Amino acid sequence: MKKLTGLTFIILMMALVACNGESVTDESSSGDGNGSGSKGNELSIWFHFTGKKQESFLEIVDEYNQSQDKYHLKAEYVPFPDVKKQLSIGLAGGTLPDMTTMDVVDNASFAAKGVLADITSRVEEWGEASNFYDGPLQAAMYKGKYYGLPVGSNALGLFYNEDLLAEAGIVEPPSTWDELKEDAKKLKTDNVTPFAISAVKSEEGTFQYYPFLRSSGADFTDLGSEAAKGSMEFLKSLIDEGYMGSYVVNATQDDIARQFASGKIAMMVNGPWNIERLKQDNPDLNFSISQIPKDEEFASVLGGENIAIIKGKNEEGAFDFLTWFLEPERHETFTAETGAFPSRKDVLENSDKWKEDKYLSGFVPIMNGAVPRGPSPEWPSISEAIQVAIQESLTGAKPVGEALDDAAKKVEDIQNN
Amino acid sequence: MLKKLTNRWEGYLFVLPAVIFMLALIGYPLIYNIILSFQNVDLANLASGNKSFVGLENYKELLSQGVFGTSVINTIVYTVGSVVFQIAIGFFLAVFFSMKFRFAPFLRGIMMISWLIPLTITALLFKFMMGANEGIFNQFLMTWGIIEDPIAWLSSPKIALWSIIIANIWVGIPFNMLLLSTGLSSLPEDVYESASLDGANWFHKLIHITIPLLKPVLLVVMMLGFIYTFKVFDLVFVMTGGGPINSTEVLSTLAYRYSFNEFQFSLGAAAANVLFLILFVVSLIYLSMIRKDEVN
Numbered sequence: 001m002k003k004l005t006g007l008t009f010i011i012l013m014m015a016l017v018a019c020n021g022e023s024v025t026d027e028s029s030s031g032d033g034n035g036s037g038s039k040g041n042e043l044s045i046w047f048h049f050t051g052k053k054q055e056s057f058l059e060i061v062d063e064y065n066q067s068q069d070k071y072h073l074k075a076e077y078v079p080f081p082d083v084k085k086q087l088s089i090g091l092a093g094g095t096l097p098d099m100t101t102m103d104v105v106d107n108a109s110f111a112a113k114g115v116l117a118d119i120t121s122r123v124e125e126w127g128e129a130s131n132f133y134d135g136p137l138q139a140a141m142y143k144g145k146y147y148g149l150p151v152g153s154n155a156l157g158l159f160y161n162e163d164l165l166a167e168a169g170i171v172e173p174p175s176t177w178d179e180l181k182e183d184a185k186k187l188k189t190d191n192v193t194p195f196a197i198s199a200v201k202s203e204e205g206t207f208q209y210y211p212f213l214r215s216s217g218a219d220f221t222d223l224g225s226e227a228a229k230g231s232m233e234f235l236k237s238l239i240d241e242g243y244m245g246s247y248v249v250n251a252t253q254d255d256i257a258r259q260f261a262s263g264k265i266a267m268m269v270n271g272p273w274n275i276e277r278l279k280q281d282n283p284d285l286n287f288s289i290s291q292i293p294k295d296e297e298f299a300s301v302l303g304g305e306n307i308a309i310i311k312g313k314n315e316e317g318a319f320d321f322l323t324w325f326l327e328p329e330r331h332e333t334f335t336a337e338t339g340a341f342p343s344r345k346d347v348l349e350n351s352d353k354w355k356e357d358k359y360l361s362g363f364v365p366i367m368n369g370a371v372p373r374g375p376s377p378e379w380p381s382i383s384e385a386i387q388v389a390i391q392e393s394l395t396g397a398k399p400v401g402e403a404l405d406d407a408a409k410k411v412e413d414i415q416n417n
Numbered sequence: 001m002l003k004k005l006t007n008r009w010e011g012y013l014f015v016l017p018a019v020i021f022m023l024a025l026i027g028y029p030l031i032y033n034i035i036l037s038f039q040n041v042d043l044a045n046l047a048s049g050n051k052s053f054v055g056l057e058n059y060k061e062l063l064s065q066g067v068f069g070t071s072v073i074n075t076i077v078y079t080v081g082s083v084v085f086q087i088a089i090g091f092f093l094a095v096f097f098s099m100k101f102r103f104a105p106f107l108r109g110i111m112m113i114s115w116l117i118p119l120t121i122t123a124l125l126f127k128f129m130m131g132a133n134e135g136i137f138n139q140f141l142m143t144w145g146i147i148e149d150p151i152a153w154l155s156s157p158k159i160a161l162w163s164i165i166i167a168n169i170w171v172g173i174p175f176n177m178l179l180l181s182t183g184l185s186s187l188p189e190d191v192y193e194s195a196s197l198d199g200a201n202w203f204h205k206l207i208h209i210t211i212p213l214l215k216p217v218l219l220v221v222m223m224l225g226f227i228y229t230f231k232v233f234d235l236v237f238v239m240t241g242g243g244p245i246n247s248t249e250v251l252s253t254l255a256y257r258y259s260f261n262e263f264q265f266s267l268g269a270a271a272a273n274v275l276f277l278i279l280f281v282v283s284l285i286y287l288s289m290i291r292k293d294e295v296n
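Listed in order, the protein sequences are those of chains A and B. Note that UniProt numbering gives residue 314 to position 314 of the first sequence, counting from 1, and the numbers run on in steps of one. Note that UniProt numbering gives residue 55 to position 55 of the second sequence, counting from 1, and the numbers run on in steps of one.
There could be a bad hint or two in this list.
Stated by the list, open to error - What the simulated footprint calls covered on chain A by chain B, stretch by stretch (three residues with Cβ under 8 Å from a Cβ of chain B suffice, anywhere in the stretch; the number is not a length):
| id | region |
| --- | --- |
| 1 | 87-100 |
| 2 | 193-204 |
What the hints assert, rightly or not - A partial selection of chain A residues facing chain B, derived with a Cβ cut-off under 7 Å:
| id | residue |
| --- | --- |
| 3 | 68 |
| 4 | 84 |
| 5 | 115 |
| 6 | 143 |
| 7 | 245 |
| 8 | 247 |
| 9 | 250 |
| 10 | 365 |
| 11 | 380 |
| 12 | 381 |
| 13 | 388 |
| 14 | 391 |
| 15 | 392 |
| 16 | 395 |
| 17 | 397 |
Simulated from the structure, these hints should not be mistaken for lab results. Just so you know, these numbers come straight off a predicted model, no measurement behind them. In this text, a Cβ means the ideal position worked out from N, Cα and C, and glycines have one as well.
Pulled out of the complex, with its shape left as it was, chain B reads as follows (with noise of 0.2 Å):
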């Protein structure tokens, strides 16, 4: 019994180090900015330390200003956009690269450059690609004649939000079909062999043994896809800016906007709380998925 007792306790040592870690490094700032989203702060008294806690205010203030709720909506089209063509354009490339022919594997490492390549520069490429006029996209397209007049893919505010899930599609694609591509793997061989006796073709085999096998990894790519894709800055921070108008604001271009070019530190603070939220409760979704997978 005491012997069962100190292993407990070695076992809580032995994870100490990462739980202190874990309080310094995203604890803290967690508690500051909560505190900080209760307060009213802005560069005057940021360094004299003369806060004043003003309860709810900064949340009624955020939800009476319109762009809020057009950053909320816009976090939403962008993440549910980007994870379903993701994934299902993943999915695809995944089953295709499991096929197992001569160049497979080597095609399947070079599409993986593109999720090597630092967010910003894929930034950056993309809106020199969308540019309306000396944009490559819009002179492939006109030259094609699919299209008649130049698309203003960053300039028009109902385009803008579209052509950053685009560039974010083609960012996620590879990750995706890693992930699919492991799934697929690891599935049992068997069930397929005894299909094929049973003459099922390929098509029945991807509906009826391939995805619902593959269910549980198929979740957990969403639930990833959304928790990386709701938190999006920099993609959009460098393609537009939040622009044209409001029509590409999400939650953290707002966060930022309002901490860093307006000083409304607690207003900020406020605005990266609903997305903190909204994680928070996606995550203990995901987390119960995690739980429920390794009981069975």
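Okay, chain A solo, but in the shape it has when bound (with noise of 0.2 Å):
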């Protein structure tokens, strides 16, 4: 019998390296982020880019070190969904960098928890703000004060396969959410599912279902009230009558996109920076892009990244390449090659980049309509009731006038805190 546990055991702890050995590779992946730029003229930036994105705005960081001798930056890669963790063990850790570029939402929660630095009076210095969009602005600000600045803004809209609606004879696609369900109808076969958004349980679900929070009049500060539910209704409904997969509690925007390139998806609500990955998954795919389908008015939700500065750190080079990065040719460039829409007012109008895009033109009106979550410094802990709400609504867990009523004394308890 010893001999047996013995064997027992050597496979136990053969077990038990492979499992540890995988997550300490996880875990150190914070390790080097060691810029605290003690040198004076060493910089550091977090950034979470990927794909293009990333390359453009690494030859960017050379650039800024080649046009000057003040400042050495060393840009280092964090994976999105690991920002906000990276950040918090960063903090603890005190190996944080001197600046960061976070989700525009979380803007304002890091601020209020004191992370960032208070950059009002250099704004004011730099004069520029008066060109950016007020949305993207209001996303960097907590109570007046500006945390950070927006380098990149994207917002939704509705995508439509123009094959399939060709082919169910729609000549426009669908403006209001009655004409939706018309178009729905005609577009349901055993292959199509006429239309979906993304109502998974994270911050992504809050982010699609806020277009049509905000079109039926109600905002996240009254989800109690009869506009809210109304359109948690008319999303249920969609479910219910076969126009939208119940499935889509636990589809991401990409899964969503994915499908729709595949054709299986009529029309889904999704942002710019898919429109590069439908035209590499699929080709031949004719899509477009119109305004989200509106009950009141039409309306839609920002997305996009800041640029903060870490508070205590190197504050004034930080700035530096911060406003340099800003300038309108260089955002142009970085903002166009990258699917995203400029956070500057003067570099959208100015440029026949967007205008002249196919895909992209079709969200310069969207753009304009486009409200910030929030802000709230709370807002997390606020999203995740809303997300809350969203699931029990569409699988049916609850009623949706219950789900919301929930949500709404949630929200209220999370902003009397």
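Take each chain as given, in its own frame, and dock them per the hints.
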């Protein structure tokens, strides 16, 4: 018997070593985030851009380092889902960089917690803020102070498969909720689901629901209102009538885009960052972009990135890079090349890059009406309440009214705390 | 007498590196986490170090949240469901492969592949295969006429947890099979021979010889499976992220969410400690079993 447990033990040990090995490499990615800029002229930034955007950004960093010899910037990639985790680990371990890119929606909460530098006086001295769009700028502010600057924006629009719509005899994409339903009826076949949004249990779900919430005239502060309930009832009815699959509660925006590319979904809500991907996945796909159908008024939600400067680090150097990075021509190249929208009005107005692009031009009117989520320092918790309400409603676990009343109460508690 | 003492002292010296290693890499985070759970730490005071002790507040708040109870129950259902089926099927396969037919070693080797694939990949594969429309599971079941309408594997709150359990059973079978195979091969042949002489058939031998002789191994495998499965994170995180609603939230994903999505580090630490406490108790039982085993 002794020999037996011995053997079992060896196998167990091998198993443990194997598992631990995995998790250790996982954690160690945070290890070299040691860009504390001890040398005065050393600057560091964490960024989460991928693909083409990453190449473009790294080129810009090189260009910056060659253009002047006061600072040397070191850029380190942190995967998007890990940004918040790495920032809190860096905070605990004292290994934060001088600045970081972050999702627009997180800027306020990090500012409220005192992690970010108040750069209001620098921004005022710089004097360029009036050239920026108001929405993205709001998302970089907390209590009237600047805690970052937007470096690229996006919004959600309605992507529609032109071939499928034409086959169903639809000339114009739907512009109201009623039209969406009528068209969905015509589009539905055994192989084609007419419509999809991502209602997954993460920030993506809140992001995708937000245009519907805002179009009804409600906001996150009155989730219990009739208007808010109406917006959720509408989405639920799409599922009940078979126009949208119930699987959307576990499908990310990328999952939906993949299905849209394969022609299984006729219309979806998605953002400009997926345009390149659609073209790659299916070069023959004929698709176009229009406003998300409305209830009261057209509404969309702002996404994108800010660059925020960490408090107590090399604020001056970081701000130097930030303003250099946001100079109009550079901002134009960086955003246009990567399927994003500029955060600066003057860039969009003086450039043809967006107006002439078949796909991006569809987003131009959308960007004008796109609003930020929140902003609220407690956004992560508020978003969590909204996600639960979306999932409870769409899976039928709770009646829509009850789910949203619960969410409204949670949001109220969070804000009163 | 003196010699004996120095010997012992040297012995301790040899163990020292391991002890330091354990203290630094396992002891420190463990204790840090326990302290964290009695403080009130969020992003604001994480850096400043201005942390106040709040006693059991975090644990009280944890208990007051409905999702905590749900996640404890989910974790238990997930663990028991996984372990029972993993062992049952693993045992069946181990017995099957112990019948020395021609390709047995080769096939047994092939079986290990599912255990070698990184869990995140398995999770992604299952997520695709369990897709409501495009997933291969539903397409097979519908072509064969077993089901009429597609099953919402991962998007129905009632089914999602079991879908993850199915994925985990698939992952865990080979490991259980290997452990049990090792156990089977060490069983004495002569008992079987004399049983054959007495006229026992295959089934009699299984019930009256194999299972009783294998009982210590089965118990160990069960304990290991429990410990390993109870701390599940990657499979759930990738397949559903805890959703729909909170139907697949387990203790580890809950602790992660509190800490890194909502920045309530202390609450997250408290949830992690509950997980630790349960596993600690199970480990003690396991250790006492091992000790008994060795005395025998």
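Hint by hint, here is what the structure shows:
no. : hint    : verdict
1   : 87-100  : holds (count 4)
2   : 193-204 : holds (count 4)
3   : 68      : 31 Å, violated
4   : 84      : 6 Å, holds
5   : 115     : 6 Å, holds
6   : 143     : 14 Å, violated
7   : 245     : 6 Å, holds
8   : 247     : 4 Å, holds
9   : 250     : 4 Å, holds
10  : 365     : 32 Å, violated
11  : 380     : 5 Å, holds
12  : 381     : 5 Å, holds
13  : 388     : 6 Å, holds
14  : 391     : 5 Å, holds
15  : 392     : 5 Å, holds
16  : 395     : 5 Å, holds
17  : 397     : 5 Å, holds
The structure does not agree with the numbered hints 3, 6, 10 stated previously, though it agrees with the rest.
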